[in-house]
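Engineer: Top to bottom, those sequences are chains F and B.
Note that my numbering has the first sequence beginning at 27, numbered continuously upward.
Note that my numbering has the second sequence beginning at 3, numbered continuously upward.
It is worth saying that the hints were derived from the structure and are not from the lab.
Certain hints may be false.
Straight-line distance between alpha carbons at most 25 Å, and here's what the computed BS3-like set of lysine-lysine pairs gives [what the hints assert, rightly or not]:
id : chain 1 : residue 1 : chain 2 : residue 2
1  : B       : 111       : F       : 30
2  : B       : 64        : F       : 30
3  : F       : 114       : F       : 84
4  : B       : 10        : B       : 111
5  : B       : 131       : B       : 111
6  : F       : 114       : F       : 233
Covered stretches of chain B (chain F as the covering partner; in silico rule of three or more C-beta atoms under 8 Å from a C-beta of chain F) [as the list claims (entries may be wrong)]:
id : segment
7  : 24-35
8  : 84-91
To give a feel for the contact side, a few chain F residues facing chain B, derived at Cβ under 8 Å [unchecked claim]:
id : residue
9  : 43
10 : 51
11 : 115
12 : 119
13 : 123
14 : 168
15 : 189
16 : 199
In this text the structure is predicted, and so the values were computed from the model without any measurement.
Backbone N, C-alpha and C fix where the C-beta goes; we use that ideal spot for every residue, glycine too.
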Amino acid sequence: MSLKTLTMSHIRLISLYWSRYAVRSGSGLVYLLIALTFGLMVAHMLIMPVEQLIVQQKREMGRTDPVIIRNTIVEIGRPIALWILGEKTMGEIARENAARQRSGMNNPDGTSAQDDDASPWMSFLLEKKPALLSAIFLVLLFGMPFVISFLAYNQISGDVQSHGLRYLLLRTERSNIYFGRFIGTVLFSTAVTAIIVATITLYLGAKTRIYPAPELVVWATQGFLALALLMVPYIAVCSLISASVDSPFLSLVLAKIVIAGVLFMAILGGLAWKPAKYIKYALPWGWQCNLLHPEPAHWLGAVAACLAYTAVFLMLGYYRFERRDL
Amino acid sequence: MTHVVSIKGISKRFGRIQALNGVSFEVPSHSIFGLLGPNGAGKTTLFSIAADFLKADAGTIKVLGIDTRGISRLQGRLSILPQDAQFQRNVPILDQLVFFRLLAGRTKKQAREEVVHSLDLVGLKSFAKRRVGSLSHGMVKRLGIAQAFLGHPEVILLDEPTAGLDPASARQIRDLVKQLQEHATIVVSSHNLGEIQELCDHVAILDHGKLVLAGSVDEITRADREYNLCLSRPLQNSELEQLNSIEGVRSVRVLSHADANHNKRPVEYLVTLDLSADHIDQDAVIVPILRGVLDMGIAPRKLTEGRSLETQFLEVTGGQANQP
């Protein structure tokens with residue numbers, strides 16, 4: 027096995043061909059539909075209460091109150107951020123919400139009752155940055171790894187099963203096929219992520235007009251980069267699985283089991299035995315939220331972790347692909 | 003005689019099944035080489051190892067002097083029609099083949115021209131913009147052949163190239179293969195023994211993963227060269243004896259399905275020659291036979307080469323021929 031066999035022109039051709047025809051193959055189309063539906067549904071569920079509040083305020087007061095709107099958004103985003111950032115468990119969040127409802131929602135000065143105990147990270151996401159977009163990004167960071175396997179599961183296995191790869195094997199190196207298809211999948215995933223983020227950002231900027239456009243665009247760009255980068259190690263996991271089995275269906279099932287299984291084992295195992303929660307570091311689950319961290323050391327660490335996971339999974343997959351019968 | 007493909011001691015096992023067991027033979031340059039064998043004999047496995055799709059457990063295959071484990075060094079020089087590989091169903095065939103040529107370093111224009119030419123050779127030019135999913139089985143087979151002929155490969159492996167084709171298309175492909183022999187060495191596997199005998203100058207016969215016979219078709223069939231001879235009337239016993247006594251004639255017998263008792267109908271005979279002695283030439287036997295028949299006042303209606311290779315095949319494989 028040698029990476030010296032990589033040919034950049036072949037990788038470019040294969041990745042472009044793969045991303046171009048990914049939509050035509052079932053997996054690309056399915057991913058496009060599922061990712062768009064998931065991303066836009068998340069946005070809809072988080073934006074809708076705010077839109078309803080704006081309509082209500084306009085009807086009752088003839089204008090909107092930015093402070094109340096901001097606090098409402100923070101109230102929506104806070105439990106999401108607390109849970110996804112791992113600062114509190116679902117039970118703690120539920121108990122806290124119940125206590126908050128009993129004691130009244132806001133302080134007399136209009137600030138949120140929970141602002142006092144917010145961590146700097148929470149404050150950064152919900153107060154310094156457009157909170158609605160932050161909440162959407164957090165849900166997408168959590169949910170998109172489950173969705174990405176619909177695109178990435180079939181990088182190799184389908185063509186192994188149909189023997190379609192055999193038309194390519196005398197025309198280029200296995201390494202070029204493997205890495206070319208990986209890059210093609212990343213390109214396609216990035217394009218879909220860009221469509222989702224651009225749609226949500228445009229809607230927030232043009233329709234709700236809660237945040238200034240420059241602030242929205244800058245944060246949307248950061249969020250897009252975080253999401254796009256996060257998909258890369260998960261695509262690499264799928265590359266490894268897809269290069270190891272012959273059946274695309276088995277590849278999809280295994281990808282789902284591995285990606286979701288690691289997280290659920292960490293969550294459920296952590297309840298029974300605390301060190302089990304570290305299972306989540308088998309995949310980028312333990313790092314990925316840091317991509318939206320205010321401290322450069324943290325988000326740079328998350329970037330490095332994503333790249334390291336990608337390198338490990340890719341090389342394992344390549345090792346297997348290079349040696350196997352096709 | 004130079005050899006462009008050299009197979010030495012190839013073995014491959016799939017679980018409990020020994021697909022190939024120490025297979026060795028060589029393919030002469032610019033020959034059309036037939037690889038024969040019953041189902042499961044290991045033909046496709048051997049092709050797959052030659053193209054590095056499968057890894058051999060033991061042995062080496064060299065194509066043009068290059069070990070196929072370093073298959074990249076054969077890019078553009080070796081091509082294959084895999085038996086059961088599928089194209090992408092939803093992508094136009096032109097796009098798929100142009101992509102293959104782009105990988106070979108052609109410009110889009112060059113690639114397109116080469117692909118259109120190759121599709122034209124197999125009669126698919128007018129289908130270039132169609133998706134593979136809309137083509138019939140025979141058309142997909144011809145598409146596979148077109149991709150194997152793309153560029154100017156020096157060695158072409160064709161795994162059952164005419165299987166599933168109608169007779170006219172099969173004839174077209176055979177003619178194409180014969181034309182390509184001038185520029186390339188072609189290895190063909192087939193169940194159609196008549197086709198192999200017509201097309202190939204050398205053959206290897208595999209059975210249960212082992213090589214049971216290899217050599218030129220001429221050499222292999224010398225000991226039992228068969229001809230079908232159709233005569234205007236049946237031969238009398240004395241006439242038969244006269245033909246049987248010609249040097250180089252092993253036997254002359256009426257074919258079982260012919261009606262030898264009907265005096266006015268043409269009757270077909272199977273003439274088996276034994277050309278194993280070096281001094282006996284095929285024509286030196288055929289001419290006396292025809293002369294003898296004419297002297298008997300019988301008009302030969304037809305003389306065609308028989309299934310000599312099939313006889314050999316049945317003998318070495320224990321009668322497991324798969325005729326189309």
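Engineer: So, for every hint listed, does it hold in this structure?
Structural biologist: Now the hints, each set against the structure:
1. 111(B) with 30(F): Judged against 25 Å, a Cα distance of about 30 Å means the pair is violated.
2. 64(B) with 30(F): Roughly 22 Å between the alpha carbons, so the hint for residue 64(B) and residue 30(F) holds.
3. 114(F) with 84(F): violated, 36 Å
4. 10(B) with 111(B): This hinted pair is violated, its Cα atoms lying about 41 Å apart.
5. 131(B) with 111(B): Within the cut-off at roughly 16 Å; holds.
6. 114(F) with 233(F): violated, 33 Å
7. 24-35: Check failed, 0 qualifying residues.
8. 84-91: With 6 residues in contact (Cβ-Cβ under 8 Å with chain F), the coverage given for the segment 84-91 of chain B holds.
9. 43: holds, 5 Å
10. 51: holds, 7 Å
11. 115: violated, 46 Å
12. 119: Nearest chain B Cβ about 46 Å off; hint violated.
13. 123: violated, 49 Å
14. 168: violated, 33 Å
15. 189: At about 4 Å, which falls below the 8 Å cut-off, the nearest Cβ of chain B leaves the hint on residue 189(F) intact, so it holds.
16. 199: At 5 Å from the nearest chain B Cβ, residue 199(F) passes the 8 Å test, so the hint holds.
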